[in-house]
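So the chains spell out like this:
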Amino acid sequence: MEKREVLSLIVRNSYGVLARIVTLIGRRGYNIDTLTVSATNDNSISRITITTKGDEANIDHIIEQISKLEEVIDVYVLEPEKSVMRELLLLKIKADETNRGKIRDFVDIFRASIVDLSPGSVVIQLAGKSSTIDGFVTMAEEFEIVEMCRTGITALSR
Amino acid sequence: MMLRGADILVKTLVEQGVDVVFGFPGGAVLEIYDALYHHKDEINHVITCHEQGAAHAAEGYAKTTGKVGVAIATSGPGATNLVTGIADAYLDSVPTVFITGNVSTNLIGKDSFQETYITGVTMPITKHNFVVRDVNELANTVREAFRIANSGRKGPVLIDLPKDITMKKAEYKPVEIQEIIPKKYDNSEMIDKVAKLINNAKRPVVYCGGGIVASEASQVLREFVEKANIPATYTLMAAGVLGYEEKLNLGMVGMHGTATSNLAIDHSDVLLALGVRFDDRVASNVKKFAKNAKIVHIDIDASEINKNVYVDYSLVGDVKDILTQLIEHVEYKERKPWLEQIEEWKKKDYIPKDDDSILRPHQILKTISDNIGEDGIIVTDVGQHQMWAAQYNGRVKSRHFVTSGGLGTMGFGYGAALGAKIANKDKDVIHITGDGSFNMNLNEVITSVNHGIKIITVLFNNKSLGMVRQWQHHFYDDRFSETDLFRKTDYLKLAEAFGAKGYHCTNLAEFEDAFKKALENPDTAIIECMIDRDERVLPLIPAGKTIEEIIMD
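Residue numbers (my numbering), protein chains in the order written: chain A, 1 to 158; chain B, 1001 to 1553.
What the hints contain is simulated information worked out from the structure, not anything from laboratory work.
The model shown is predicted, which means the values in this text are computed figures rather than measured ones.
Positions of the beta carbon are idealized from the N, C-alpha and C atoms, including for glycine.
Any given hint could be a false lead.
Derived contacts from chain A toward chain B, CB cut-off under 8 Å, selection only [unchecked claim]:
hint, residue
1, Arg20
2, Asp55
3, Asn58
4, His61
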């Protein structure tokens, strides 16, 4: 059965390490839904968080293949109940004096925040679980969405 | 001591036990070639005619010795010419280190003259690759490259060296070569289980591959097979690991393997897969492969477990270590009905008919094998001749049959033969090829003649691309699209032009005579054998099919 998994990769922070991982996943025919690369408390090490889909065997293969890369120090599946997973959303919607109040109420309900206010638009920021962000985006469709950007999941085990 | 990068490179190669490198000079590697000039006494450089030849030579060297093979090329086209050889080494897990020059660091990324991003190009076909950006890291990078190439599942590593790095100076301290300490795996529990499974098996089969060669496990494999009394088959990559005509040897497995070995796997109740990867040329139909068997997979590469075929038991680790432990727990069983069944299959198996009045492939191979004895090395190209050579090579030792298995590289043979001969000066090296493969890289005959590296080429000339033509016969109603070549090359003149000795044969007696002369003569030789274009490789299990659809005539 196909399922969605979040993989956490601890990698050496060297030239081309991202290209190696992406090339490997691409040539083996696996899918990447989201990918984030982030700094850690050690400058020489980065964390890459990948969301991918596949059945159990697929996921095992991806992990085994990734583990073979010289620059990968560790790779493991993050289980949702045992980890903290967050995404950041930036959403620009059309706004003028007629709907700003409504937008503010909507933003408050989701505990999102308005991070930019321009004459014709506002930019809203929301950090949270992917499902929360999915819900927020669905609800935001009642406004006119100009642009949207999601960072993809970044995660740590508890 | 302070040394320039190029000298550090050569010193580190020597430190790693390298005595020969194959390569071709060029602008970006001028410093390296200058260093090689200075260190001539410590390291032998063999210049090939084309970088691809150098890459295959490094493979031939590595495949016949187990040591790391090394090839050097300049930037740009030099580096891209290595690519086929690197891919070949990757698919056959050959320990190799490729060194490429590149433009100076200030010119990288600017589409400079002869610049390619070779680490990007080779990312999917190397175990790992490096760009050295600091001369102080050069020596350790080379050491690391050798460690990676020759540990775990072996394979190619590439080091890209910008020209300024080879010119800059750094402190160099020689280091004692570090012994590779294999990763330890605890399989003790699984070993008991598997031993029980084997001891209770009615119809067990051993299926072994290149991993046996890589871990030097041929001897322990033979002891294991004999102690447990289990019939064994081998892949193309493992020719020679079993005694050629021993009773328990079922012959090669797979698309052009014996019917017996494929039938045995199909009927087995326990299949021991040792250092193999269930390649599609063996497990043609993964759903039906060994469908009645509990499969035990032993391999050093954890990512091979359940990759192509789902297995019931798996042991990750060095196959020699594991077999050495397993052998203690297995018992001799008579397995009479099973071995009798196998004898029945053997009797009905495909046996080619002799005909001395023409040249039949199996008879050529037998003549070669009889004349070179068990120490002779056979190197092949890719195609029909390769499969005939795989079937009838008569090799009884590991590392004495060299072929391009995974990538199937036509043009592999001559370069590989050069590497094999350099590493085994006292052994006869016979290059078996077809006219299709030979024409791809026959320029390397020049290398052989110029360096006095004696190679005997046995050229199976059917004036066609036989393997593709055979498939067109079986599966495309004899529409021989671009396979009937009728090339007019005169190979006697070609041999002469290159400074080699040429022979032309049309029947077995002529071949026996020519081959004996070529062996006695100190010169590189090309023996052209005229083969009927309708000669086919049999048996044949079509791609994706099973033993039930085997073609025997």
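Each hint tested on the structure:
Annotation: A:Arg20 was flagged as interfacial toward chain B, and the flag holds, the nearest CB pair being 6 Å apart, inside 8 Å. About 12 Å separates the beta-carbon of A:Asp55 from the nearest beta-carbon of chain B, more than 8 Å, and the hint is not met. A distance limit of 8 Å between C-beta atoms decides the matter here; for A:Asn58 the minimum to chain B is near 10 Å, and the interface restraint is violated. For the restraint placing A:His61 at the interface with chain B, the shortest Cβ-Cβ distance is roughly 6 Å, inside the 8 Å limit, so the hint holds.
The earlier numbered hints that this structure contradicts are 2 and 3.
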